[in-house]
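Chemist: As they're listed, the protein sequences go chains G and V.
Position 215 of the first sequence, counted from 1, bears residue number 215 in this note's numbering, the numbering being contiguous throughout.
Position 75 of the second sequence, counted from 1, bears residue number 75 in this note's numbering, the numbering being contiguous throughout.
Since the hints were derived computationally from the structure, they do not count as laboratory data.
Accuracy of the hints is not assured; some may be wrong.
Copies of one chain are not kept apart here, so a pair can be met inside one copy or by any two copies together.
Stated by the list, open to error - Cut-off 25 angstroms, straight-line C-alpha distance, at most; resulting in silico cross-link-like pairs (SDA-like, lysine to any residue):
(1) Lys333 / Arg132
(2) Lys273 / Gln135
(3) Lys332 / Asp216
(4) Lys332 / Ala128
(5) Lys276 / Asp125
(6) Lys332 / Ala380
(7) Lys16 / Gly187
(8) Lys273 / Arg126
(9) Lys332 / Gly376
(10) Lys276 / Arg91
(11) Lys276 / Ala128
(12) Lys276 / Gln108
(13) Lys332 / Gln135
(14) Lys273 / Thr10
(15) Lys16 / Gly349
There are 2 protein chains.
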Amino acid sequence: MLSVEQAVATLLDHAKRLVAPESAPLLAARGRVLAEAIRAPIDVPPADNSAMDGYALRHADWPGPDDAMRLSQRITAGSAPAALEAGTAARIFTGAEVPAGADTVVMQERCEATAGAVRIGELPDRGANIRRRGQDVQTGQDVLAAGRRLRAQDVGLIASLGLDRVVVYRPLRVAVMSTGDELVEPGRAAGPGQIFNSNRYTLHAQLSAWGFEVVDIGVARDEPVAVRERLLRAAAEADVVLTSGGVSVGEEDHVRDVIEALGRIDLWRIAVKPGKPFAFGAVGDTPFIGLPGNPVSVFVTLLVIARPFLFACQGREDTAPTPLHAPARFRKKASGREDYLRVRMTAAGLEMYGNQSSGALFSTGWADGLARQPAGAAIAEGDPVEFYPWALFD
Amino acid sequence: MLSVEQAVATLLDHAKRLVAPESAPLLAARGRVLAEAIRAPIDVPPADNSAMDGYALRHADWPGPDDAMRLSQRITAGSAPAALEAGTAARIFTGAEVPAGADTVVMQERCEATAGAVRIGELPDRGANIRRRGQDVQTGQDVLAAGRRLRAQDVGLIASLGLDRVVVYRPLRVAVMSTGDELVEPGRAAGPGQIFNSNRYTLHAQLSAWGFEVVDIGVARDEPVAVRERLLRAAAEADVVLTSGGVSVGEEDHVRDVIEALGRIDLWRIAVKPGKPFAFGAVGDTPFIGLPGNPVSVFVTLLVIARPFLFACQGREDTAPTPLHAPARFRKKASGREDYLRVRMTAAGLEMYGNQSSGALFSTGWADGLARQPAGAAIAEGDPVEFYPWALFD
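Based on the sequences and whatever the hints tell you, model everything.
Modeler: Here you go:
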């Protein structure tokens with residue numbers, strides 16, 4: 001059996017970016033993946049500016065606490081100040097540019113204003129209350145790396161550099177196909193032996209959350225002609241084909257034979273719970289990933305095993321989530337496979353959902369994320385365990 | 001000064017849901033907020049089914065390891081089995097319904113099939129390899145609570161219940177207005193004294209990420225007529241009005257006076273870094289929140305103080321993120337205000353960005369989240385601190 005690490009590494013060995021760069025307006029760029037690093041075209045702030053409402057002066061000009069200084073100008077945010085007249089002070093507001101010749105701002109609470117003048121009762125250190133030019137970002141600095149998926153604050157940071165467009169990768173197109181004659185679509189009536197198709201919905205929603213464009217291929221009946229027709233369509237319309245179910249070694253699984261004829265397929269047994277059967281190959285030139293059929297196995301293998309590959313195809317660089325650690329509020333025997341447990345975060349630590357069956361999708365709604373139990377390791381109450389909140393997979 | 005806790009509690013006291021329920025197709029429901037709990041209309045699984053490809057039999061009928069059992073039927077996933085003939089076994093596949101009369105499934109690897117019969121070399125415990133009806137969800141059970149924002153796996157869970165539509169709240173409409181004569185839009189040229197408007201972009205992107213509909217009111221010049229005209233438009237078009245800048249006590253801040261005339265405004269000083277000045281009130285009947293003007297203050301007060309209020313207006317119940325804990329890889333003196341530090345998660349613990357200035361937006365791109373330093377508490381190297389990965393605010 002392959003370890004999770006080996007499976008992910010093998011997939012990444014075969015991954016290459018499948019999407020081209022394109023330009024996008026900044027207001028629509030959240031969640032997109034940068035195709036080029038953002039290099040600062042300016043200093044931020046672009047000039048020394050006041051961190052306070054107050055008075056700007058040259059530190060050496062202070063006449064002491066009892067004498068007033070004449071006010072020679074009034075500088076509001078957005079206005080261009082003149083150089084400071086020697087021996088005078090300037091009224092200044094938060095964010096306003098500090099005039100040449102001034103080196104200190106005194107907050108207004110420490111000052112007493114009179115007609116056309118100000119008495120400064122207490123002088124702070126030279127340089128006080130001034131935000132220096134380039135303090136946040138210097139011209140030429142790489143502020144965000146290529147391959148990064150843009151968060152809200154990144155969008156703000158890019159705006160602060162004066163850029164209103166970014167070069168991003170077009171969204172990866174991922175085809176989703178379910179197999180299984182037992183599947184009936186939600187909203188219809190389920191007959192004897194039938195179950196509702198949840199994998200299509202889980203996959204559609206999670207792939208969309210990752211910013212991919214989902215090509216919905218529906219459900220293929222478990223027979224070769226239907227499977228072949230849909231796989232060919234999937235490969236033609238998408239960058240990657242993803243299926244759930246139909247890739248174990250059972251006699252009723254036709255996906256494997258069809259893909260073997262159309263391209264190539266490797267069946268893997270991965271030492272992971274939930275999960276284990278997993279397929280990787282190609283339909284023609286289009287990469288193919290075959291997830292297991294059980295609902296929780298689909299979700300976990302999508303997050304843990306398929307995700308790094310899909311992210312790499314999208315041009316993302318940040319593919320390995322850094323786990324957090326929290327004490328277990330449960331115990332669990334060692335197992336031969338790496339186990340991804342559905343757990344909930346509480347102030348006291350991680351609680352484990354009672355039914356860890358690969359069919360119990362309810363556990364994924366109940367949980368706040370996954371705890372990783374390495375193969376061969378038992379977990380005792382209070383042990384620190386690796387914790388992956390759902391959001392770490394975003 | 002108000003503590004963060006007091007500020008959030010006061011806002012929540014004034015919050016009420018401002019959006020009506022509506023029906024949405026399940027495939028478009030990710031990220032929407034449930035207006036009604038999801039109650040299971042069926043058991044999941046709907047019937048006992050096989051967890052393996054193998055053979056179903058009545059445990060008591062096993063003839064021992066040397067004798068074959070006649071195969072009386074073949075049950076594939078999706079087909080309706082007949083009751084099991086006494087003394088016989090049924091070929092069965094993963095996910096297929098277990099026939100009445102059978103109580104055990106033997107995995108095929110333990111069996112030897114011959115023409116029309118099977119020899120079962122080793123009998124597992126009674127009940128083995130069967131997923132019981134209702135094992136995951138029972139009819140009538142509340143599986144997801146009203147007020148929950150739907151994740152990908154929730155969408156899958158709802159599908160598994162056979163539901164193809166959900167009742168969700170319509171997205172909250174939030175108007176965003178920036179103030180400040182120093183602001184110039186990205187993509188234009190900045191003159192002396194001017195800086196690029198980042199707050200509009202940060203707010204637009206974060207509010208969109210939360211699933212809100214953003215009503216973009218642009219930038220108001222620092223003069224009463226312009227501010228009044230835009231605030232009236234914001235209040236008419238949106239459920240909540242959010243501004244950045246313009247609510248401190250400086251003489252150039254007109255937002256306060258205008259809102260006092262149009263409704264009411266309370267200026268708060270919150271014991272938080274970055275942040276402090278914060279306003280809450282109403283423009284007519286529309287709630288108004290005035291964030292500070294500095295880019296990092298805007299982002300942090302949006303996440304920490306405004307977010308619970310906005311979520312409550314959207315009908316969300318899950319408004320308080322549970323922090324994680326990680327050791328500090330830095331030291332920090334105590335401060336009189338609660339400090340939200342931009343930190344990065346490493347295997348060794350949390351690293352703090354060097355420049356924690358409220359103007360240094362770069363820190364929010366660099367960081368993986370916020371660490372909370374309570375007011376009056378110093379942080380020593382190795383201390384466990386509360387850590388809020390960005391995603392906890394989703």
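Chemist: All hints are to be evaluated individually against the structure, with a verdict given for each.
Modeler: Each hint tested on the structure:
1. Lys333 / Arg132: between (58 angstroms within a copy, 23 angstroms between copies)
2. Lys273 / Gln135: This pair counts as between: shortest inter-copy Cα distance 18 angstroms, intra-copy 49 angstroms.
3. Lys332 / Asp216: neither (39 angstroms within a copy, 52 angstroms between copies)
4. Lys332 / Ala128: For Lys332 and Ala128, only the inter-copy Cα distance (21 angstroms) is at most 25 angstroms; the intra-copy one is 57 angstroms.
5. Lys276 / Asp125: between (65 angstroms within a copy, 23 angstroms between copies)
6. Lys332 / Ala380: within (7 angstroms within a copy, 34 angstroms between copies)
7. Lys16 / Gly187: neither (39 angstroms within a copy, 33 angstroms between copies)
8. Lys273 / Arg126: between (62 angstroms within a copy, 23 angstroms between copies)
9. Lys332 / Gly376: within (11 angstroms within a copy, 40 angstroms between copies)
10. Lys276 / Arg91: between (70 angstroms within a copy, 23 angstroms between copies)
11. Lys276 / Ala128: between (62 angstroms within a copy, 19 angstroms between copies)
12. Lys276 / Gln108: Only across copies: Lys276 and Gln108 sit 17 angstroms apart there, 68 angstroms inside one copy, limit 25 angstroms.
13. Lys332 / Gln135: So Lys332 and Gln135 pass the 25 angstroms test across copies only (21 angstroms; inside, 51 angstroms).
14. Lys273 / Thr10: Answer is within; shortest intra-copy Cα gap is 19 angstroms, inter-copy 46 angstroms.
15. Lys16 / Gly349: neither (39 angstroms within a copy, 32 angstroms between copies)
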